[in-house]
Structure formats: C-alpha cells, structure tokens
Amino acid sequence: MLTLKQSRRLQTVLIATLAWLVALAIFFPIFWMILTSFKTEIDAFATPPQLFFTPTLENYVHIDERSDYFHFAWNSVVISFGSTLAGMLLAVPAAYSMAFFETKRTKSTLLWMLSTKMLPPVGVLVPIYLLFKDAGLLDTKTGLVIIYTLINLPIMVWMVYTYFKEIPKDILEAARLDGATPAQEIYRVLLPIGKGGLASTVLLSLILCWNEAFWSLNLTASSAAPLTAMVASYSSPEGLFWAKLSAVSTLACAPILIFGWLSQKQLVRGLSFGAVK
Amino acid sequence: MKKPLVLSVSVAAAIAMGSSLAIGATTVTIGTVNNGDMIRMQELSGEFEKSHPDIKLDWVVLEENVLRQRLTTDIATEGGQFDVMTIGMYEAPIWGERGWLEPMKDLPADYDLEDIFPAVRNGLSVEGILYGLPFYSESSMTYYRKDLFEQAGLTMPERPTWDQMRDFAKVLHKPDQEQYGLCLRGKAGWGENMAIVTTLANSFGARWFDEGWKPEFTGEAWTNTIEFYVDALNNYGPPGVSSNGFNETLALFSSGKCAMWVDSTVAGSFVTDPSQSKVGDQVGFALAPKQVTEKGAGWLWSWALAIPVSSDAKDVATEFVTWATSKAYSQLVADKFGIAAMPPGSRASTYANADYMSAAPFAAKTLESMNNADPADSTLKPSPYIGIQFAAIPEFQSIATQVGKLVSGALAGQMSVDQAMKSAQSIAEREMKRARYY
Amino acid sequence: MSISTVQDGVSAVSAPGPTTVKADRQLHNRVGLLTVSPSVLALLVWMIVPLAMTIYFSLIRYNLLYPGDNEFVGLENYYFFLTDEGFVHGALNTLWLVGATLLISVVAGVLIAVLVDTPFWGRGIVRVMLISPFFIMPTVSALVWKNLLLHPVSGVFAAVWNFFGATPVDWFAEYPLQAIILIVSWQWVPFAVLLLMTAMQSLDQEQKEAARLDGAGPIAIFWHITLPHLTRPIAVVVMIETIFLLSIFAEIFTTTGGGPGYETTNLAYLIYSQALLQFDVGMASAGGLVAVVIANIAAFILIRMIGKNLTEKA
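Residue numbers (our numbering), protein chains in the order written: chain P, 1 to 277; chain E, 278 to 715; chain R, 716 to 1029.
Hints were generated in silico from the structure; no laboratory data involved.
Just so you know, even glycine gets a beta-carbon here, dropped at the ideal spot from N, CA and C.
Worth double-checking, as some hints may not be accurate.
To be verified - Listed below are several chain R residues computed to face chain E (Cβ distance under 10 Å; list not exhaustive):
#: 1; residue: L780
#: 2; residue: Y781
#: 3; residue: G973
With the rest of the complex left out, here is chain P:
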C-alpha cells in the first residue's frame, strides 16, 4: 500500500516536472520578447544571446516619443468591443432561432455561414476598398467594426448555437406560457443560463478582433489605426531594431494577454463549442 502511494507521488512529481518543462518551452518566446524589450539594441543582437544584462527602459521611452500608444490602444479597444457587441446582437437572436426553431435548412445555413470564413480576405480587398471609399468608411472605426463583425459572426453564431442547444426546451416553453415575448425569453431565460458560454464567445471575439492585422492595416490611415498598425510601423526599419520591435510588440500584446490571463478560468470552462457532454 505504501509503495503504491509512493509510486503515485513519484508519478505526480514526474507529471508536474514534465508539464512545467512543456509550459516553459511554449512560453519561452513570449518571455524572450519581453526580456529583449529591456535590452539595448547592441545587447539584443549580441551573440550568444544574453540572459543577463543591464536592463534599460530606453526602447519604451523611444516609442513613447515617437508614437501615441494610447491613441492606437484606444482604437483597438473601441474596435474590438464595438464589433463584439454588434456581433453578439446579431448572433444571439440567430442562434436562438436555430436552436429552438430548427428547420430543415438550419444545418445548411450554419455550415454556409462557416464557409464564408474561407474566402481569402485579400481576394476581396479591392471591392471592399471601393465600397468603403464610396460609403466614407475608410479610416473610420465604424468601418472596421463592420468588417470584424461580419468576419467573426459565423463563429459566434455557431458557438452561441451550441450553448443554446444544451438548454432544455421545456424551460422556454414554460416561460412562453407565462406570456413571455421572444425578446424576454432571450433576455430573461437564455442569457442567465447560457452566460458561461456567451462569455467565452465574447472573449474569443475580442481576441480575434484585437489581433486581426490585414483589414486594420489596409483600411485605416491614422485616425482609426489600431495597435496592429503601430507594430507595422516598427517592423524592419533601418538600423538595429530588435529591441525596439520587442518593446512595441510587448506593448501591443500586453492588454489582450493580461485580459486573457484574467479570464483564463472562464475560457477554460466555457470554450467547449458544445463539444462536451
């Protein structure tokens, strides 16, 4: 019995060690990026790469002098939250309908929605650019909100749909017999029950919007440019740039990374896509 217990403990130690090693390996690039952002440019390009050095804030000071970080960050925040909100407003009713008023066409509609995501964005850049120009949407946050909403809508509808599918229909029937309108059904019944799933849908949409770099670079100039555009202004300039690039990357990723860490529990609990019983 004792030996069994001992072997169990040994097993746990082994698993823990292995898990830590894997996690450190996967996290290493991010760690290294943050570390490099505190090096001087000469240190950043030294061979062999240095683990110990005198840290400096000069890269951050330089970035602060050159670009208005909070302008870009604010645009990222507005665009991500704006399009997530718009996406949820469209996705929840659609998913409600698909989950509770299923017809023959529901499944094919859902799959068709997903297939719209497979169109390579660059193939439609020129048409979209022309449309945006005529609508006055170039370099506006509204324009990017519209694009991101449409890009992420299929995934959002699908996610919400799978959560709604898990809710027993009886509950809705009951509310309906109490005289609830569809809006009330969604608002009073489905949202409270499905909030775990909805929260992870929101999180995923935020992450995808924050990191999208094709449309944000091509449809904005200055007033609506988000953080992805700021990163692009520091990638491969003349001269040594490794340290400054690391600093700007750290700044661009930090908000969403911290946000992701804080909501990690929620993501792990809710990101099931209805795939789990």
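Using the hints, position chains E and R against chain P.
Below, chains E and R without anything else, positioned relative to chain P:
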C-alpha cells in the same frame, strides 16, 4: 459577463462621438516609410506645426512593403486618404504619367530647385515635369573593414572589380570566428535582392530587356551574374544570407561580422555611428564594384514626397513638402541631431558644406557615387528603359518580385541557377505578353 | 429572472391543448425566421456584394496601374492564374501547411491536455503559460520567431546549436515550410489545449478509477476511455483550425515572403502577391474565386468527415 457588456456599451457610444470631433486646423495626412531619416522628420514635425499653427500633421509610418501597397491601393482607387505620399524613384514617373500626382511647380525662389542633383530631378520627372521633391537620395557603394584589410595585408582599390571582391572575401572569410568575407542582400524582393543583383548584372554586361522588350535571363551575361552571386555568397557569405535584406545585413556589418559589404550609401551614417555600430571607426569606403563595365555599377534611388491629386488639402500639403525638403530643414536636422544626420544625396549644397564633409567620412564617396549614376544609360548594351536597378515600367515590380524569389531560391540551394533563370525567362515573357508589349 | 422561477412555472402549468400548439407553431416559425434573418442577411450581403464584384473583376482586364483599360477578357484571368508557376506549389503548400499544423496541434493538444489534467503544484500558472501564445498577434509572433529565435546568427536556436558544437541551421533557407509550420503550430497548439483541457474536465473520473481497479494500465485507459471522450472536441478543433489555417498569410508575409523560390507560397499568399504586388486585380479576383472553390471542397469533405459531430448534439 456583465463588465464587458457595460464596457462595450460605453465604447459603442464613444464610436458614435469619436469621429465627429471638429478641429479648426487643416489636417495633412502623411504616409511615410519607417526609415531613420523619415522618423527624424516625424520628430521634427512639432517645429513645423509651431511655425504653421493652422496645420496639423497626421503621420502614418509603415514599413516599406506595407506602405507601398497601401499607397498604391489608395491612389489608384482615388481613396483620398493621404495628402502627402512618400514614394520612390520607381513610382514617381509612372504615377506622374497617369496623372495621379500634382506637378511640383511654382516653388518658392528660396527653395533653389537647381541645387538638387540633376540625376535625382530627372528620375522624379516625366517629360520635364517634376512630380515629387526628393527627401533623401542614395546610390550604392562598397563598405569594408580597414582593420581586417590591414591585418591581411590587402588594399582596397578606388573601384574594385567583382573578381577582386571575391578574392578578398576568400582571404577574410573566417566563419569559425563569425567573420564572413562578403555580405550582400539575399532576401527576395524587387527592392531587396534585385537591387544589388541588377547592379551586379549591369556590371557583368547584362540588361533587363533588349530593345524589343524581350527579357534576357537565359543569356550568358545573366547566367554568369547569378552564378557568381550564388557562388560568392555560399562560399564566403554569412549563414542565412537568403533571408537578409538591407536591415539584416546592416546589423551584421555593424556588429563586426562582415569584412565587406556592397549596399546603399545611406548605410554610411549607421555603420559609422558608435551608438549603433561596433566597428564605427574601422569602416572604409570605395565605389561600387565593376566587372566588364562601370556602367550601372552603382544604383540611384530617391525617396520623394509627392502630393496625390485626390488630396483635399493640396496647398497646405505643398507647404509641408517644400519645408521638409528645403535647405532650412537640413539645417534644422543638423542643429538637432548633429550635422552627419543631414538628409543625404539630394542637394549639392549639402556636399559643399565643409563641416558636413569633415563630420561625415562617407560623404565624399557618396557624392562621387551619386555623380556616377545615370538612370538613362545604365547598361553596356542599349536598353529601352529608364532606371539603374529597376526598369520604370509598371510590370517591373511584378516581374522583379518573382525573379527575386527565384534568385533567392537558387541562393538557398532550393533550385539550380539554370532552373531559376529558365523560370525567370518564362515568367518575364509571360508578364510582358500579358501586358501586351508583344 | 432566475432559473428557479422558470422551473416553478413549468410545474405550475399543465400540458397545453393541441389547438394552441398548432397556432404556436406558426407563430414560432415566424419568430424563428425573424430572429435568424439579421445574421443571415448581413452575411448574405457580405458574401454576395463583394462576390459579385469579384466575379465581375475576374472577367475583365483590371490592373490598378492601368486605369481605364478595362476590357472584357473572358476567362483569360483564370487561365493565367491556373497556369501560374506558383499555383501548383501554392495548392500543395496550403495542403501541407493545414495538414501538418492540424496533426501537430491535435496530437500535442491531446498529450498536453492529458498531462495537465491531474492536479499538481502550480497547475494554474502552467495553464496560463500554455495558452498564452493564442493571445499574441500573428504578425508579432512571426517577427519574434524570425528575429529573436530562428535567426541563424543571433537567434536563441543558433546559440543552442553552437553550444552543442553543431552548425546553426538557417531555418528559412533550409527548412522554410517547416519553419512556418513551427510558428503556426506554436500559435494554434494552445487553442487545441484550451479546448481539450475544457473537455478533460468533464471526463468521468469514476469510470477511470473503475478501469484502474480492473487492472487497466494508463495507456489502456487513455486509449479506451480518454480518447473516445475527446473525439468530439477534436473534431471541433479540426474544423475551426482548418477555417483559419486555409488563409494563413501574416506569418508568411513577415518571415519568408513566400520564398525561397515557391517553397512557402500558399494560395492566400499567391493571391496577395497578385493583388498587391502586381496590382493585377483581375487575376487576383480569379484566384480568389478559385480559392473559394477549393475551400468549399475542403469544407465539404470536412463536413462529411466530422460534420455529424458538430451539428448533431444533445
């Protein structure tokens, strides 16, 4: 769940308000490259706004490739997002001919247009009409390490030949000490590897197109060029050469890993700056190497500020453009950042300035290289196009991008030189046919 | 309103009569149609307007650098796209990229999810570290990998190779596609881990314990209990990742630019280079449509293979 929702509601309200903030000043949106000189210009924009309180400058700074696609999309669709565009010597004549750019005329007398090098002015003009004002310009030259040459008992001639370069590289290549004989660009791209490869080809007697616009990649001159390039770099070049562009190579040279390097004259101010370079006081300069001819051995490029016809603030934009390319601006840079940081290669007066010539050890060779470059006559055999390291036709960008990929493929050993040249030939013929040249 | 009051409502009301049910059905169908239509309409517009324009552009000669010269050319653009030297490479590389990344992320995802399923010291931190790459912008991760890690002179990998006396590998020249797959996998393995970790939480521990008491080894338990439990989430991982991986672009753009040669050109990159390097909108439109057709074939196959797992539920 609640928090994001509340946040997003307030955020949505902010979207509605954000875009309608009216500002009294005219806004000029400037699209520019993230090169050192442009970043200095951005840092000095406060000075301009101080003297022009009714003008506000908005900067869009992007890396070269992204900027180029961004600007081209905008100008070709008349998007009107930019009031000032930073374009090169390749775009200026093509866009000018299309009528997309405002002609630069009626410039103030103190601007002194005659002071700008004629080759640069011609490169930015179509039929005598100037379409952009040069911010800075460059040719190419040879950089070498004086200390290493001395140790090995070698001397660098005024203008070496490529064969000599290879012989020097053989002696100085010591990979076990992380010292590589010859560094050149290898990263695919018409503005990256094809710039050096084309000047190399020019000096080997090759040309992009013959008089009938037929490409000549399978000819002897081109084959010799690429064979030399692949052989020299694979034997005496740094590891990873096929992904090194200008910046990567600059970093290698600055950290003391290259004995020789042939590249843009603007690198002079970086490799001699002790805060960015480990070898600051050891750099020697020579003209770009020749082989069978000196013609087209060094390239000519200029970054110019131009105003698109679709801009809605042309007058104000003109005011900015003339400010940023003026003599007074050069003086401002000299006062703020040191005299060696003056925008190089555009104005004769910069090189007539004794302080600049003594503060910038690379200036004499830069001037000589600029004077040697002639975009109208850059090949041994006659050619129908203008441009040294490019051909100023719209198809060039597309063809050279693909040929650049093939050359880097040959350099990386993914295909043979013959194979790469055969593909290059068929791609170029195809594109020219598609563009109805024949 | 809370769940308990709803449930009170359920018990309070007796079964409705047949007539009300029928009237209800009609009303419901209308409601169903009404609520689904905003999304469907939005996506329809999103699909059809650019699609119509793309089809039109693909049939004319349209180069941004030659304004006004827009004659009808029939299928010439398609001919030039399909006979482009990069097309076959692009299609094959797309397949490789998607296939290899899927394989890596599913296998690594399952193994990691199983590994961190048992509680141990610092599991929370380990989890956070494991999923972090998913939050990083694709452009940033490509830049970091290219310049800080895989760089053959100053990169971390080169230092490790040197430490063991080996010659550093020039990744983007010698193993370009593999290097891209490595970067893309680094971003997408965490997504698989995230999903599969979630799924592991609902694994029936008693069943596992019972199997163990019956003398089943850990491998047998993994094979007969854990893996079957994970099939559905694996299908979800495959589906979602395929959608994103088919149009991988930023990672290639920032690292290799599709080269050397055509080694890392996928269809998305090929279309990009036609649209924005050659400004040939006509050919890029044709290419975009070809890519849509290919993507839909892929989607059709995928749905045939795993679609049941995705839509038929509960």
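TODO: For the hint on Y781(R), just tell me whether its beta-carbon gets within less than 10 Å of chain E.
DONE: 7 Å, holds
Open item on the list: Hint G973(R) vs chain E: min CB-CB distance below 10 Å?
Closed with: 6 Å, holds
Open item on the list: Restraint: L780(R) near chain E, CB-CB cut 10 Å. Satisfied or not?
Closed with: Where the cut-off is 10 Å and the nearest Cβ of chain E is about 4 Å from L780(R), the hint holds.
The structure agrees with every numbered hint stated previously.
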